[in-house]
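So the protein lines, in turn, are chains A and B. Just so you know, the first sequence maps onto residues 1 to 515 in the working numbering. Just so you know, the second sequence maps onto residues 1 to 515 in the working numbering.
Worth flagging that the hints you see were computed from the coordinates, not collected in a lab. Owing to the predicted nature of the structure, the values given are computational and were not obtained by experimental measurement. Be aware that one or more of the hints could be misleading.
[As the list claims (entries may be wrong)] A few chain A positions that, by computed beta-carbon distances, are all more than 12 angstroms from chain B:
#	residue
1	Leu117
2	Arg226
3	Ile348
[Said to hold, decoys possible] Here chain A is said to cover these stretches of chain B; the calculated rule only asks that three of the stretch's residues, wherever they fall, bring their Cβ under 8 angstroms from a Cβ of chain A:
#	stretch
4	6-13
5	65-73
6	136-150
All C-beta atoms, glycine included, are put in the ideal place defined by N, C-alpha and C.
Residues per chain are reported as follows:
There are 2 protein chains.
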Amino acid sequence: MFNLTQPLRQAVQAAADVLATRFLDRDRTWSEVTERIARLAAALIARGLKPDDRVAVLALNSDRYFELYYAVWWAGGAIVPLNTRWNDRETVYALDDSESSMLFVDDAFLEVVPALLEGCGHIRTVVHMGEGEAREDLLSYESMVAAHEPAEDTMRAGDDLAGLFYTGGTTGFPKGVMLSHDGLYISGLGGMATAISDMPDYVFLHHAPMFHLADAMMIVTGSMLRCTHAMIPQFEPKASLEAVQRFRATNAIFVPTMLAMFVRHPDFDQYDLSSLKLIGYGASPMPTALLRETMERLPHTELFQGYGQTELSPLATMLAPEDHVLEGPGSERLKSAGRVMPHCETEIVDESLQPVPSGTIGQIRVRGPNVMLGYWKQPALTAETIVDGWLLTGDAGYIDEAGFLYVVDRVKDMIVSGGENVYSVEVENAIMEHEGIGQCAVIGIPHEFWVEQVHALVVPKPGSEITEQEIIDHCHEHIAGYKCPRSVEIRREPLPLSGAGKVLKRELRPDKTTG
Amino acid sequence: MFNLTQPLRQAVQAAADVLATRFLDRDRTWSEVTERIARLAAALIARGLKPDDRVAVLALNSDRYFELYYAVWWAGGAIVPLNTRWNDRETVYALDDSESSMLFVDDAFLEVVPALLEGCGHIRTVVHMGEGEAREDLLSYESMVAAHEPAEDTMRAGDDLAGLFYTGGTTGFPKGVMLSHDGLYISGLGGMATAISDMPDYVFLHHAPMFHLADAMMIVTGSMLRCTHAMIPQFEPKASLEAVQRFRATNAIFVPTMLAMFVRHPDFDQYDLSSLKLIGYGASPMPTALLRETMERLPHTELFQGYGQTELSPLATMLAPEDHVLEGPGSERLKSAGRVMPHCETEIVDESLQPVPSGTIGQIRVRGPNVMLGYWKQPALTAETIVDGWLLTGDAGYIDEAGFLYVVDRVKDMIVSGGENVYSVEVENAIMEHEGIGQCAVIGIPHEFWVEQVHALVVPKPGSEITEQEIIDHCHEHIAGYKCPRSVEIRREPLPLSGAGKVLKRELRPDKTTG
């Protein structure tokens, strides 16, 4: 049984005076940060936090976000990191669904607090974790830390709930994925065993959003490696280039869209990026041209790719640095999601859930201690997703004879745009709420930066004179901006349907569409 | 929850046609070996093996020993690997204590079977796993494999018992250390995360005894890495040099005594050892001169050191290759047992079990999923050893500010000779059974090859005229040869005693002794 606060104790033991966090002009050592975490945990407990209680956070990246993850675990609670790109309606849904009793917000989200509180009755405590002046109507993060003596660690571990990570749902509602201490810890160990081995003087740059499980994984793994965690509030290519140079960052993770903006930035050559030793990427397929460009522009930097999903805490396969071969034998592996990792089992099954031979396409399923505890308050959906101990990923793929996984399709009909998952159904539901729409389908079409762009095909009702812009504006009222179509094609002919009456999206995909 | 057969399935998935085992002139692939394991598991079940049932094995190294580990796990049982250097009395004790119902023996131990069966009533089945002619009175390993269709894996996992590993006891009786699937699996993951990272085309040479947990750990870890396992029946320096060359071995583990015989062998230069990439050592402190010599003679080979004990499945700390620095800053770390590993917590406590500051000597204790389930049938001893979830190692040491552990003494008064643990108390008990002895103390004194040599200080009873050789001969009748004193000093003065009446061994240790 692992507990996620163990790396803190080990870091204090082995690296007490090494910097743990660097943000703005604040540098703190592992012993300082661990004491602050224990004090904040005491404050959470004093405010009534009980084991398993959810603590939500809506904030850009900061050293305090890092501390909050650990303080919630130290105090025995479960963290609920909220997507900063959601609209208020979506945020309220997650706050309400998770029954979070506390909410931490930074300056960027202070203004929406009244709207969130109005929509959600569970929140008893709101804490301001930003840089600005303390607000009289909110608790202050620093006052909480200052006012309490360090608490004893509650030592939650194993299958105890560590967090609810919300992910878009095929039904249109985000689902709270329940992840455990063991799941997150063992995923981190698996990553270390595969690609992210021990290296002295690691400096990990958190420029990817800390609410994302991909970055949370690096909070866990980076701390196991006793690395220094440096943060910038959010990814912006120039700020990120500057941060690598300033912090002498050795590590960072990227989604392909971020990486493209980073390596193709006009000022790229003006920065000293020689510290970058290892970068990870994932969350959507990497265009080979971008991978080649990255390897050429950062010749001293090794790359690894992770594949998985929130339900897998999140890692299942990894393409290790030595498998990043541009030419000749092995170069075809760049199209894969890497090899199955040692902390879980990954296999391909047919429609009756029987394993298929190597090379055969089927659904990817995974079992092991990294599989989620389940979907929060959704036992039926959990039972559909975890069958005989195996997590059905909903992705289609095959595994070759050397154990490399190739993901060929996403059964759940998901678009990955700029590293964010967009479930078509959710966008389609939003579009169909417009009274002028008769039929619609949402698909991903290739985009240079976003990898995929959300594209809607719409058939208006007879007599309706709706425009493309009206449809986009309508979506923005209902769902987060990143989910809204960037392009709309209005058709007058009905969309092709399957025998079961579903839109045949494969007939609409880029190579078939006219738009 | 991990199960120890998972690596087999992953190896078949990713390396079906890669050689899994090489022994004598037999080479078998992962798919062949896994099928044989499943067939042997079926034979065990057909012979009545139930979950948790113990299967003992008394044999030198072979491919079949490798298969047997996995077949027992596949069938749901617990393996009991017997020390091949024990005398019959000790072997019968372990067979009897473990209540093993099956015993596998190879050619080297066929002759002792009648004596073992006479002393132990639990054994229902004896299987001959050797190379020679099948014996009519024993089951044949190959017939069992041939006669059964592959069984379904019983999928034992987590805290389920995987094996009883017998270790010398301070009370003079070996104790069965109960290790679980999770414990052994997670120790392997920890090793991979720390030093033994994924590398293609590993060939692991099993020349250390496969009954030892150190080698069993490499069976587990090597299979997670899908490496080829090559075996020789037992360590012998020339055979080992030949095997490295023949199998192009990339990896092996050594105790310091083996390593000294290996690198100092007169024919060392006649062998092509260029394949050796990484060697591990442990089980006793490594003399710095030997380490230096090894690094000079094998300049292309990286080294790592593991520290732990059977009760820890067995790993707790590791000195990684990058910490093997001969000169200048960091070179003092060669005297350490390495850094605490990420799969468990290691700390130092005082006599009241309170943690002490960095640099302070105290008892080493460890907690984590690698801690044993307990001592077999010894709940009281287990409760003394695992206190508040922490395993008390009985070793004394300190941890420096960079998290490196230095082992300074063995509280349990253990001598490590040639990589074998010899508990002084056990030897003292044997000596005291001689009627002519009034008082005795057994200590380790330095030895070039064995690192420590068992040395006895004896005070005869008044009037007794016992000789040194008589004492040594007497010991050979009672305990295994490797435990017997190699040297004896007869004293006429009483040995110095502590206030509590115990012999003050620190007054007798090498720098104080005259012998």
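Verification of the supplied hints:
no., hint, in the structure
1, Leu117, "41 angstroms, holds"
2, Arg226, "8 angstroms, violated"
3, Ile348, "10 angstroms, violated"
4, 6-13, "holds (count 5)"
5, 65-73, "violated (count 0)"
6, 136-150, "violated (count 0)"
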